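J.: No gaps in the numbering here: position 31 of the sequence shown is 31 in this note's numbering, and each next residue is one more.
Since the hints were made in silico from the structure, they are not lab data. Worth double-checking, as some hints may not be accurate.
As the list claims (entries may be wrong) - Under the rule of at most 20 angstroms between Cα atoms (straight-line distance), these lysine-lysine pairs were calculated in the PhoX-like manner:
hint, residue 1, residue 2
1, Lys122, Lys71
2, Lys172, Lys182
3, Lys104, Lys125
Unchecked claim - Computed spacing ranges between beta-carbons, pair by pair:
hint, residue 1, residue 2, range
4, Pro161, Ala64, 31 to 37 angstroms
5, Glu152, Leu29, 24 to 30 angstroms
6, Asp191, Ser108, 21 to 27 angstroms
7, Ser25, Val184, 42 to 48 angstroms
Given the structure is predicted, the values throughout are model-derived calculations rather than measurements. Where is the CB? At the ideal position from N, CA and C, for every residue including glycine.
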Amino acid sequence: MILINQPPPAPIIPVDHHNVANQSSSPLLSLPSELRNAIYELLLIQDIRIPLHKRRRPHDRFCANILQTCKQVNTEAAPILYGENTFLAHSNLLTTLPAFLLFKLPNSKDTLPPVLYPNVTKLIKRFFFHVRLDIDSRYTKEQATECFTGLEYLEIEVFQPSYGTCDFTVLKLLEGVRGVGKAVVGGSVGDGNYARWLEVSMMSDSGEELDEFT
Numbered sequence: 001m002i003l004i005n006q007p008p009p010a011p012i013i014p015v016d017h018h019n020v021a022n023q024s025s026s027p028l029l030s031l032p033s034e035l036r037n038a039i040y041e042l043l044l045i046q047d048i049r050i051p052l053h054k055r056r057r058p059h060d061r062f063c064a065n066i067l068q069t070c071k072q073v074n075t076e077a078a079p080i081l082y083g084e085n086t087f088l089a090h091s092n093l094l095t096t097l098p099a100f101l102l103f104k105l106p107n108s109k110d111t112l113p114p115v116l117y118p119n120v121t122k123l124i125k126r127f128f129f130h131v132r133l134d135i136d137s138r139y140t141k142e143q144a145t146e147c148f149t150g151l152e153y154l155e156i157e158v159f160q161p162s163y164g165t166c167d168f169t170v171l172k173l174l175e176g177v178r179g180v181g182k183a184v185v186g187g188s189v190g191d192g193n194y195a196r197w198l199e200v201s202m203m204s205d206s207g208e209e210l211d212e213f214t
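Hey, can you work out the whole structure from these sequences and the hints?
T.: If you want it as structure tokens, here you go:
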């Protein structure tokens with residue numbers, strides 16, 4: 001008689017299907033939505049004024065990986081991550097391929113790789129845009145108006161290689177932008193009069209026509 005040795009059966013590991021399916025058993029998800037949002041804000045909103053090497057306190061840490069924990073957290077936290085942080089607008093594509101802005105100084109930026117997915121780029125409401133006066137733009141006034149109108153926050157950093165060597169022709173492409181909650185124009189803006197006018201223009205109601213800057 002031939003004996004056939006068979007491996008012992010694999011042990012049966014009990015699975016609590018109720019807890020797997022029911023995410024509300026999570027301590028985080030059992031909290032009221034107001035408290036969860038407060039936690040998401042502490043973890044996800046970046047202070048771009050603090051250099052990365054100086055972020056040593058726990059509340060300075062950026063914890064975007066919380067979005068990978070489960071679908072509900074992703075759904076709740078994604079609007080905070082993308083809607084409350086500032087993103088660097090592309091120099092030519094504007095609000096297409098925005099990059100998460102980690103830290104900024106004049107003419108110095110730290111960013112993450114560009115965001116590729118339209119379903120999350122549509123959540124972005126705050127942009128930082130670096131404009132060089134000495135380089136012809138590859139976008140039109142109409143494209144700038146469409147991309148930037150209605151944003152919650154728009155900061156324009158103006159750069160020219162030497163003071164007084166360029167005019168504001170490139171900036172004039174932004175004169176059609178309207179409905180911005182807060183607009184800031186800084187950098188190489190001369191006496192600042194045109195920059196202040198442009199801020200007022202961009203924060204005007206959509207469709208409102210203003211007198212030309214003189």
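J.: Okay, which hints does this one fail, numbers in order?
T.: none
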